[in-house]
Every structure is written in structure tokens, then in C-alpha cells.
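Residues per chain are reported as follows:
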Amino acid sequence: MVKQRLVVIGNGMAGARAVEEVLARGGADRFDIVMFGDEVYGNYNRIMLSNLLNGTQAVDDIMINPLNWYAENNIRLHAGEMVDAIDRGAKVVQSRNGIRAHYDKLLIATGSRAFIPPMAGAYLGEGRLKPGVFGYRTIDDCTAIVDYAKTSKVAVTIGGGLLGLEAARAMTVLGCESHVVHLAGHLLEMQLDTTGGGILRKAMEAMGIQVHVKKLTSEVRGADKVEGLTFKDQSSLDCDMVIVAAGIRPNSEIGVRAGLTVERAIVVDNHMRSVDDPDVYVVGECAQHRGRVYGLVAPLWDQGKVFADHITEKNKSSVYLGSKLATKLKVMGIELASMGATEASEDRDEVVQYIEPKKGMYKKIIVRDARLVGSILMGDISKAAYLMQAFDRDSPLPEERLSLLFDLGTPNSKITFDEMPADAQICNCNGVTKAAIGACVTAGKRSTSAVMDATRAGKGCGSCKALVKEAVEWFCGGDVQEDPSVHYYVPSIPLNKTELIKAVRERGLKSVSSVFAALADGIEDAASKPALASLLITLWNSDYIDERDARFINDRVHGNIQKDGTFSVVPEMPGGVCTPAELKRIADAAVKFNVPLVKVTGGQRIDLVGVKKEDLPGIWTEIGMPAGYAWGKSYRTCKACIGTDFCRFGLGDSMGLALKIERRFRGIDSPGKLKLATAGCPRNCSEALIKDVGVVAIGDGKWELYVGGAGGAHVRKGDLLCVVDSEEAALLYSGRFMQYYRENAKYKERTYTFLERVGIERIRAVVVDDSDGIAAELDAAMKRSTDATYDPWKEAHAPKTANQFASAIEHDGA
Amino acid sequence: MLQKRLTNSLPPSNMMEPSMSATLSIGPIEQIPPGEGRNFVIAEQEIAVFRTHADEIFATQPYCPHRNGPLADGLVGDRRVVCPLHDRTFDLRNGQEIGGNCSSLKTFKVSLTEAKNIMIFL
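Protein chains in written order, with my numbering: chain F, 1 to 814; chain D, 1001 to 1122.
Looking at chain F on its own, in the form it has when it is part of the complex:
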């Protein structure tokens, strides 16, 4: 193949990077590359210029591509040659010194120059800056500034943007009294809001830099060198040196002369090609894409890649779609990150912020439709990586806002996936790592449920489900597929809970198999059965047709299955109270059936663990107490402290109330476990504040009702629902809350999740204030449920199904 010639005008960060990208795609086989650069150096890192100023780095240190790099890659570099003409007809460029080069493809990467705003007295003569006035853009600028500072006392930097602040800081290091003069109302107005700008200003002033905002410089005083500045408001400032860092202007004049479309810069299409000429590409600060001109490095990298993809034909469909600007930097020793908007701009925008001016700490996020549209972080930017990723990918944010700003250091704290090592375990129950979830997403599973099915992540205790969801979203980069079945009550029937209840009522479906027949084409999804059974029991109570195959094994044999296939036996023991006679019977039964473990449970009951299935009827009979329902998604038990009977602090009869609660609600099914407690005083010895429903005596016969507490896989203090003045009222409102939960929660959704989803205000309105006028119906429904319960251990003498308690059926095969 005959090589084409690629000519690159501009040897700055954009031009050189673009050429690197071409080489990385094997472009050396395709093109002879010729580069022109104004400066006599190779390509250097302009971001590091302030280090040249303050003396922490030398010229060699900031070189990215030293001159020998060009030779090694067979690139012909014309350093110090400014191209000022392009003949697009003849496909030739020409430098000011007359060097001509033919091109087949041309890349314009002329970048930009320091903008010197119009000020009287800035120039001495034709285009020559007055001695003491400096631009701040190149190595030569820096060398001149350092040199001049040796004999200067007061240096003023015009411009309080990123470059200006760095320059001002460097001037203090160079021994000058340093001032910053800024046109806008606060510093870094592109990156910060007023609050952030104010904090930064304080920090600068603490370093001895004087800040003057809302100042427009009208004149540079001094006859043959700088003596001071005069501002539009007639104030003035004496100085002997001025560094102008008031922005940049694209070097796009060459485009104008070549007849290309130039607005604010040379206009390009999505392939970074001039809209006028398919053989001319433009990248960097001299390019205008979709109306925007970028002055930061990150967009240059992206543009360079697209250019290289396209020109080498590695990927002709590669397109640049614009960049979302996010910066992370250290200004004046203050770490700072900024992305997107600095202020809310629409009514629906949600602003969350934290300000601690003394420490120079400021954090702000702007959220719109659960997406990050802007953020400012100062002083502590530990969350920057996570937020920048969320901003860049437009990925949905977790509900928990606080953890977006802080690493809270609690078990619940959100982990930033950027920082999480690949082998970090996300699901501890099933040992699923971040890498495993990533591999699964890469393999094409793009919804949370698909990843959960494939990896089993989140399918153990379930406490990591939210984290799994975030991990999937992170790996999908905003391209996560919403699985519609997450809104269904069970995945196999496309109805949410409300719709399903309506269908079940209308059609009078009273058994799980009839639901499958009517609503799921007769396909009986095994995993959906217990959820449907729970719903039908709640709806139909005593009219429910109890097909035992729809229940989890625990609900078929009324005990909790253990790892070896044996079961646990927990008799009812409300408030942890039993009689000595009952205690003896429990002990005798444990001896008689050789029970391997006797354990007091977290719910203040006695657990006989390791009982064989076929021994269950016998041991229940021997114990002679009702079932404790320690196995199901149901009301479990009510713990109690000792209350008023013996405790010298007791304010209310917690044991008595626990007994009443248990007698009323025992055996009702519910979407998740219901663990309750009563406490005789606010010391809360029975941990009532972390229960699904907790009732706390506060004296004068009054009780506080807490709901939505948790002390398991998740820890949460319950929310105060109401204060009542009798035990009967405590029973009533507890029951009404539980019924509302039973009718509205998703299957396996515990009260603490339900409560956070619905909100305590809404629940209080319905349950306490009867805002929806359904209180009486909730109470009646709960009454129907409690009336329909029975002691399942009576099945010891009247088995519900064939071989209900048989571990195995022996058969001779005859």
C-alpha cells in the first residue's frame, strides 16, 4: 500500500496525543507523519506549568514527548515553525519561514493562546507587551515570569480561574506580594458556586494572597514598564508585575484563512472532521463540536481517539459525542473536585450540601431525576471518584444521599466501586465477588435479576441486594436494563401486588394452583408458590384453600429446617415467660427425644434444635404447649423486659402486654417476619426500638409505638408511630400497622424496608389519622386473620397430608 502523508499543525497536548493514538492503531504503516509546532520544544504537559513557575519541576520534568520520541517514531517534526497558510486546493501547508509540506490528510491542533483582555497601556508598541506584563501559557512565558520576578515586589494575577490561582500561588513562592484580580463575583466561577468560592478565597487569604473580585482592569499604568493597575471602578493597585490568566482564545484564524467554517473555533462533525473538507480534521481547543469548545485535557483524549479510529479506518463509525466536564485538582493546597452544574436550575433539582468553613470543607451535590447533574467537593474529595463516575455515566444514584457525600464507616456505608478491589466480596452468603458480577454483566446479563439468577448474588440473606444492584448498574455504566418483573409480586405473573389482589378477588382464586391456572397459563413456578400462599392467606383467611405443596417446608411441618435436614422446635413463650411445669415438660421432651441442642433464642424462647422430622409430632405432644411460629414469614413473637412485676424502674406491665399481643396476633402470615417487643420503660432492655413493632411504656399508662426497627442483617431504629394511653390502644394500632404492612408490602419486604419506601408520614396518616378512611376495614381484616389462626402443632394428631412427617417411606418393592 502506498503510504499517505498525514500533516499535523500543532505539537501541543492535543496534536501529539492524537498522533500517539494513530500510532497505537498501526497508523505508521499507513501514514508518513509530519508535524509542525510553534514552540521549539517537544510536547509538554501544560497542566504542570505552575510547577515550572514555583520551581518544583524543571522543563525536562514536564516533557511528555521529548524530541527524540519523534525520531524514534519516524515523525518529521518542524519545531519552532508556525504554519500560517493552508492551500486546500493543492493540499499544501506552508510555515511562516516558508517550509511547505504536501498532505493527504491534515490535522489542525493549533490549540489556543492566552487572552489579553483590552486594557489601556498593556502594549508598548505593535503587539509588544509592556515590560512586566506576561501571558501565562507556555514554557517561555514561565521562564520570563521567573526571571522578571527576581526584581519585582508586587505581582498581580489577572484572572481567578484555575490557571490564575496557580500562578498567584507561584508568585508567593517567587517572593512577591501576590494579588489576584478577578472579574466575576467569586473565584473559579466555572467550577464553584458562591459558597465554594468564598471558602477558597479565605484559604487563599490565609496564605497571604490578596483577592479582589468584581474588578475589571481598565489600564496598565507605567510609562515604559508596569507600575500599577487602574480598575473600571476607579480604584487602583500599585504593582510592578502583571500575569494575565484571563482565559484563552482558540487559534482558529488559520481555519478562517483556509476557508473553513469557524464560529468560536473551527467547526467539526462527530468524527472530528471539518464540516467543509473530509481530508481536514481538527482536535483540541481550536475545535468546536456541537457548539462547544473545550479547554480541559479530558475531552482532548476522547477527541484524539475518535480521530485516530476514523483516520486509520480502525473504526469508521467511531464518534465523539461531547464531554461532560469534571475536574479534580489541587488549588492552593486545597483539594477540589467539580463536575457539571454548580447551582440548581430547575424546581425539581434536589441540592444536598455540607459546609464546614473552618476546615475548608464543602460538599454539594445537585440531583435531578435520581441522576447527578453537578457536584462540588472541597477539602475532602474522597467521594470524587464515585461521583465523577456517576456523573459521567449518568447512572442512577442510591436513595441514601448522605453516603454520597461521606464514607460513613458503618456496615451500611456505600462502597465506591472504583476503589473496590476486584476480589472484594459483594455477596457474603454465596461468595460472589465484584469481578464475578462484572464478568456476568460482560457476558450479557444486564439486569439485576438476571445477574442475581446467574451468580446467586443477593440470594442468601438478601442484605446485599442493594449493593448487587449498584454493582450491576456500575458495570453496565447506566446501560442497565430494567427488568419489568421487579415490579411484579411474583416474577411469573405480570401483575404488581395491587393488581394481583384485584385479580384474585375478582376471580375468587382461593388456592395457589388456581392462581397459576388462571393467571400464569398453568405454569407453576416453584419459587413463586410461598409468596402466593402468603397473599392468599392474608386475603381469604379461613376460606383459603391450604395446598401444602405451596408452602416452604418450614410451613409444612411447622419447624425451621436446619443444615442437616432436621428441624427446630420452639414452643410459644410470650415475653419469654413460662411456668416451671412447662419448663420441666420441655426438658423431659428434650431428654426423651435425645435432642442434640437446647438453646435460648434471640426472641427469649427455648429452641430444641436437631429434631428429626418424624419425631416432630411426638415431641410436640410431649411438650404440650402451642407452636411458637419460629419458622415462617409470619408473626414470630413478642419479647418483653420484666416490666412492673419486679423491676424497680418499670413504668408499664410489659410482660402482660406482650402476652396479650402474642395471644392476639400469633400465627398470622405476613410478607416478612414480624418480631415484636414491649419495654416497661425507656431503658429498652427488651430492645423494643429495633423491632418491627416495639411498644415502650413511658408512664401514666402511656405507651410509645415504634415501627420499622431492625436488629438483624440490617440495623435500624424504629420510627415513632404514635403515643397511646392504653394497652388496648397499643394492640389496636399495632394490629392496624401490621395489617397495612401485610396488604401493601412486597413479599419478603421487611417492615424497615417497607417503612422507608412508603415513609412514616404516610403510614402515620393512614394508621393513626385514618386519612384514607380504611382504618375500620384494616382492623376488621386483621380480626378475620387472627380469628382464622390455629395451633399447627395439633397436626401431630391429624396430619394434613400423606406421610407429612416421614423422613422416608420404606418399601419392599413388591
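Hints are computed from structural coordinates only; laboratory data are not their basis.
For each residue, glycine too, the CB sits at the ideal point set by N, CA and C.
Treat the hints with caution; some may be incorrect.
[What the hints assert, rightly or not] With the Cβ distance kept under 7 Å, some of the chain D side facing chain F (calculated, not the full set):
#1 1026
#2 1030
#3 1039
#4 1041
[Claimed, not checked] Beta-carbon label-pair distances, calculated as ranges:
#5 499(F) / 1116(D): 34 to 44 Å
#6 385(F) / 1054(D): 51 to 61 Å
#7 1054(D) / 647(F): 30 to 40 Å
Based on the hints, put chain D in the right spot on chain F.
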């Protein structure tokens, strides 16, 4: 119906003495409630037998290859069984685990007589 108390610590079937191929009756379908499974001991071998609501019969090894969960105690539906311990789900027709996290179950051929007696092929 002869019932015998058994622990779950029976030796796995592959440690049994090899037996001749045989067709054995394990009695009427009513021994298993619709939609459930029960363990049977047949010729000194423990086997889980499942009955669907449509009266299809399937037979597999009794314990889950993952952590020895008792499969007859699992949830059955759509010709699958879900192990009660850790939700491993198996296709009852061929024993394969859905999702491929687990080795497959050994399955046994079964049939129903006209009188609805379960026949099993060992």
C-alpha cells in the same frame, strides 16, 4: 404403609452394592401429596420421588449435591425442584441444575400403572 425412621446419614447410593436392573413398584400415588416430594427406601436405596399437580412422577437422588439438602422437602413446580437449604434449582426431567452452579442430580425412570401405582426402574 410401612414407615421406618431413617436418619439423613444413609450412605450415598453409589456406595451401595451394584444391583441388577429392575422395575419395582413403590405403591399408590396417594402416598405423595400433589406438588410435593417424598423419600422412599427401595431395595436399600433412598430415592426422592415427586408428584406434580398434573400427576406426573419424577425420581431423583435424595440429597442436593451442594450441601446435602433434602430435595423431597423442596418446592416443586414447572418440572423443577428447589432445594430447601440454599435454593439450588434442578430440572426433574434430566437432573440438571438451572444456572449451572451445581453438579446434576441422578435421575431414575418412573412410570404410573393404570391403577396409579408408581413404578420405578433401578
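Each hint, compared with the structure:
no., hint, result
1, 1026, "holds, 5 Å"
2, 1030, "holds, 6 Å"
3, 1039, "holds, 4 Å"
4, 1041, "holds, 5 Å"
5, 499(F) / 1116(D): 34 to 44 Å, "holds, 39 Å"
6, 385(F) / 1054(D): 51 to 61 Å, "holds, 55 Å"
7, 1054(D) / 647(F): 30 to 40 Å, "violated, 60 Å"
Violation of the numbered hints given earlier is confined to hint 7; every other hint is satisfied by the structure.
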